[in-house]
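2 protein chains.
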Amino acid sequence: MFTADVDGGTFRLRRATRADLPAMVRLLADDALGAGRETAQDMEPYQRAFEAIAADPNHLLVVGGLVPHGDAEGAAVATFQLSFLPGISRQGAWRSQLEGVRVDASLRGQGLGKLMVEWAIAESRRRGCSLMQLTTHVSRTAAHRFYERLGFEASHVGMKLPLQD
Amino acid sequence: MFTADVDGGTFRLRRATRADLPAMVRLLADDALGAGRETAQDMEPYQRAFEAIAADPNHLLVVGGLVPHGDAEGAAVATFQLSFLPGISRQGAWRSQLEGVRVDASLRGQGLGKLMVEWAIAESRRRGCSLMQLTTHVSRTAAHRFYERLGFEASHVGMKLPLQD
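Protein chains in written order, with our numbering: chain A, 91 to 255; chain V, 91 to 255.
It is worth saying that the hints were derived from the structure and are not from the lab.
Glycine is no exception: its CB is placed at the ideal position from the N, C-alpha and C atoms.
There's no promise every hint is true.
Here are the computed lysine-lysine pairs in the DSS-like style, where the Cα-Cα straight-line distance is at most 27 Å [what the hints assert, rightly or not]: (1) K250(A) / K204(V); (2) K250(V) / K250(A); (3) K204(A) / K250(V).
Which residues of chain V face chain A? A partial, calculated answer using Cβ under 10 Å [stated by the list, open to error]: (4) M91; (5) T93; (6) M114; (7) E128; (8) S179; (9) T226.
Using the sequences and the hints given, assemble the complete structure.
Next comes the structure, spelled out in structure tokens:
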């Protein structure tokens, strides 16, 4: 997908495999909001979700691996999900939706997140999407600035309703 | 799907058919924001989008028909799309996403929108979703209050990036 030289080796985006799941859950859990929402004690729900995503060509689960010497896959140090959604509105526009963007805490500040989102924007264009969208928690003010620098506009209110009893 | 008695007849939710598309586009266009985004002059993009949605069991396109005497289908006077999205985060939670909720201007204030969203919440639970989500434009303050009354929390910022050149 793409490769970039960073401190410590080569950063390489690739499609996530089932073997990446533990690293992905760690990335999701290492987060102010994610800490209370994720648990690696039972991996089975994550595995089921992985299979559902892998079975649907309209969802793309991506990890970034850090490869010390450029010749192996490298453990997953970043992740995101990109979904392609059909809709009637906006003249039948396809839109892409970005979820769960995470970069390992030790690797932040090197522009890996920017590289990932730029790749996701390019892939969304390639797949014919007219619009890309995401929501971030109101408390993630650094993320808002990050996405605004990439051209996103905070035009909407994101509303959530928990459904679990 | 469901039926409710309202002024002027029976309001009945059903899966949208291709024949509903012109009415759905009218509903989407009859809106402060939609007016500039929709055009019924070329229906072909809408038809392509309809086929993509109809082909994917994880997207549900719904219309509400107003049936004067309770024995026919009735023209579409309301519409929404409900999508079921797998994801890794939140312990592999499925989430449902509501898009394009519209009620004919002449029928507003009778609670049809509330009936539709309540049905969508129930259907999301039935399909095993842990979370339901939507975004509304920051200018739609009445919609924010409407969804908050139904239990949604405005916890997120919704960011959009147009991709068309």
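Here is what the structure says about each hint:
1. K250(A) / K204(V): Holds, because 16 Å separates the two Cα atoms, which is no more than 27 Å.
2. K250(V) / K250(A): The given pair, whose Cα atoms are some 17 Å apart, holds under the 27 Å limit.
3. K204(A) / K250(V): Given that 27 Å is the threshold and the Cα spacing comes to 16 Å, the pair holds.
4. M91: Where the cut-off is 10 Å and the nearest Cβ of chain A is about 18 Å from M91(V), the hint is violated.
5. T93: At 24 Å from the nearest chain A Cβ, T93(V) fails the 10 Å test, so the hint is violated.
6. M114: Holds, because the Cβ-Cβ distance from M114(V) to chain A comes to roughly 6 Å (cut-off 10 Å).
7. E128: holds (6 Å)
8. S179: Check passed: Cβ of S179(V) comes within 5 Å of chain A, closer than 10 Å.
9. T226: T226(V) check passes; min Cβ-Cβ to chain A is 6 Å, inside 10 Å.
Hints 4 and 5, counting from the list given before, are not met by this structure.
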